[in-house]
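J.: Spelled out from the first residue to the last, the chains are:
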Amino acid sequence: MKAAPFAYVRPGSVTEVLSELSRDGAKVIAGGQSLVPVLAMRLAQPTTLVDINAVEELHTLRTELSGVRLGAAVRQRTAQRDPAIAEVPLLGMALPWIGHREIRSRGTICGSLAHADPAAELPAVAICLEATLTIASPKGERTVDAVDFFTAAMTTTVQPEELITSVYFPRATETQGFGFAEIARRHGDFALAGVAIRVDAKDRMRPSARITCFGISDIPRVRDVSEQLSDALSKDGPDAPEARLRTALAAAAEELAADVVDTGGDDHGSQAYRRQLITALASRELARAYAKAVRASSHTDEEKA
Amino acid sequence: MSTPRTVSHTGHDDLVAVEFTVNGTTVSLKVPARMTLSDALRDNLGLTGTHIGCEHGVCGMCTILIDGDASRACLLFACQLDGAQITTVEGLGKPDDLHPLQESFGRHHGLQCGFCTPGFLMSSYDLLDHEPDIRREDLPEELSGVICRCTGYRNIIDAVDDVATNHRDGLPGPKNCGQRTLTGRSPVGSTAAADESTAASDTVQDSAPEKISMPSGEPTIAIDVTTLLESPPQDVARVFANIQLLARCLPGAELTEELGGNWYRGRARVALGPIKLSFNGFAHLLEHKSDRMHVLGQAKDTGGGRAQAEIHLLAVPEGTGTRLQAEARVYLVGRIAGFGRSLAGDVSRRMFEDFAKAVDQAARGEEPEVGSKPPSAFGILVGAMRDRIRSVRDLRRKAPGRQANNPHEER
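Taken in sequence, the protein lines are chains A and B.
Per my numbering, the very first residue in the first sequence carries number 1; after that it's consecutive.
Per my numbering, the very first residue in the second sequence carries number 1001; after that it's consecutive.
No lab work stands behind these hints, which were simulated from the structure alone.
Please note that the accuracy of each hint is not assured.
To be verified - Quick list of in silico lysine-lysine cross-link-like pairs, DSS-like style, CA-CA up to 30 Å:
| id | chain 1 | residue 1 | chain 2 | residue 2 |
| --- | --- | --- | --- | --- |
| 1 | B | Lys1030 | A | Lys2 |
| 2 | A | Lys27 | B | Lys1030 |
| 3 | A | Lys139 | A | Lys27 |
Claimed, not checked - With the Cβ distance kept under 7 Å, some of the chain B side facing chain A (calculated, not the full set):
| id | residue |
| --- | --- |
| 4 | Val1016 |
| 5 | Ala1033 |
| 6 | Arg1034 |
Predicted model only: the values in this text are computed from it and were never measured.
All C-beta atoms, glycine included, are put in the ideal place defined by N, C-alpha and C.
I would like the entire structure built from these sequences, with the hints used as guidance.
T.: Next comes the structure, spelled out in structure tokens:
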């Protein structure tokens, strides 16, 4: 189907974008990879589309003191190719899962966050890594932690007259390991269930671990699972084989799944099925992420020695 | 990546100006903001190789390259592409010089119904261009952005893997990117959004153009034919001198106005079965001598198609008669370009044969038959079909046993 008619404007500065957004029914378009299908199906009929692609500063991707900042118009594929992505390994792991190459060529990082699809990868990554979003409005700028940003399915704290200008991901430390996995009917489709994981093995027997699950509720669900991981480690110690650790984590993962999966399910997977997926993915990826964190921190130890 | 120019607030009934490059040709368009790139490519520029399936980014039929990266043309509004370099499947290869991917798809039978082929070609081009070291086992996942309704994935994977294996050091670039004329299709049957738009470039004026400039790319049809006429050169020269008479020798053609300075207005009608074309346009004689002519022609079909032609005619003595030689480069754009290439060539060649016969008649002082009953291409087509049937028959005759089983073929 075709989009309903709309007015169009492509301003050259953030100030102009904000003044255009003050019109009733205006909507930002960056990559459009989530928005255009919605327009094509006439699920949305904004009066004006404000295209932000001519705003030079929104295309910047730069490494800052302790992390990486990505402007609102930075495309997912541009980010994948940028060497700075190595500073944020979990983002690098998640990006290939977003749609297909054809989608990532145009889709933007901030656009995916703004769209806040419950089955999307980037909101989960942003929450897991404690990213922060910078939002501009006619009154000035504000910063929001990702964990407070998503309020409901496809709903965020961004107001109609506001514009997300950038997202900031903290740089990974030398003792961190990450995990990412999802299950979809076909690669690139919306996830039935997925997990994003960050483990810090500075203290090997008492690591800190954080998991975000998506596709299983109206917003990504984040949990601190440090205690469960420490418990699992208490049996075999930090050098246990990955498979054994995974088994040791099974009960904790099942409990986690029961806690976070509250979707009613759909044609492609019931609530029970999604719980099974989360159980399997969480235990496997948590064990892997821990192993990576241990390897990473022992490299650092060797370097220091 | 190119940053587009700014656009001030444009009302939802207004058109947005956009300029981008498609397969090496710069294009300026005015489109409704809501018009997708896929529609603009197909309807405004006549590039119907980009297919449209789901129109919301799931099926991948409309995959094209933007600044070298594969993208969904249905998930982009054409007005957003300002300053972009676009490559469509038309830019990938030429009929006689296919891109290795196209060649491989054919060899491995990776086409089946062909509907998804443009999407697969452009998606796999992007993949191999950026990841020449791709492993075969990763291909299904990496090519998952395009759906084949025939489920012919096995052959498609074979085709892409073959090209990957043979081009680890780099995939050859698109082979058909050069200046050419791009004109839209007729709005009949197209989308509402297409009807609202106008192509700002390359529209044929109703007043005579200042000059006819031929596209530099490969012509749709190239003709080089020689016919022997019974009439001696001096009689043929008399026909050459009389432009009105010469025009009457052309099947279906008619000169309607002499504009001076070797410019003529005219029309030509061609009917091929249900297809009826009526061209109105201009001819410009760059060279007009008793034994040679160099003509440029440009015409618009009422159905939205467009034809341009460059013709060299040469009449040289041979024995007591004349050898008439014609070289023509014909460019067809729009609906008419959808004709089977060989059929268009066959028709054109037969037209020339009829033309040569008519010149011979005119040289003898008779009224050329062909000019008196336009549109005569109906007969031309029958002639072309007859030739084809004959050549098929000749082939069959070579197969032993055929003849006896089918006595009707023996006449």
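J.: Give a verdict on every hint.
T.: For each hint, the structure was consulted:
1. B:Lys1030 / A:Lys2: Since the Cα atoms of Lys1030 (chain B) and Lys2 (chain A) sit roughly 18 Å apart, the hinted pair holds (cutoff 30 Å).
2. A:Lys27 / B:Lys1030: Measuring from Cα to Cα gives roughly 22 Å; hence the hint holds.
3. A:Lys139 / A:Lys27: Roughly 19 Å between the alpha carbons, so the hint for Lys139 (chain A) and Lys27 (chain A) holds.
4. Val1016: Holds - the Cβ of Val1016 (chain B) comes within 7 Å of chain A, reaching about 6 Å at its closest.
5. Ala1033: holds, 4 Å
6. Arg1034: holds, 4 Å
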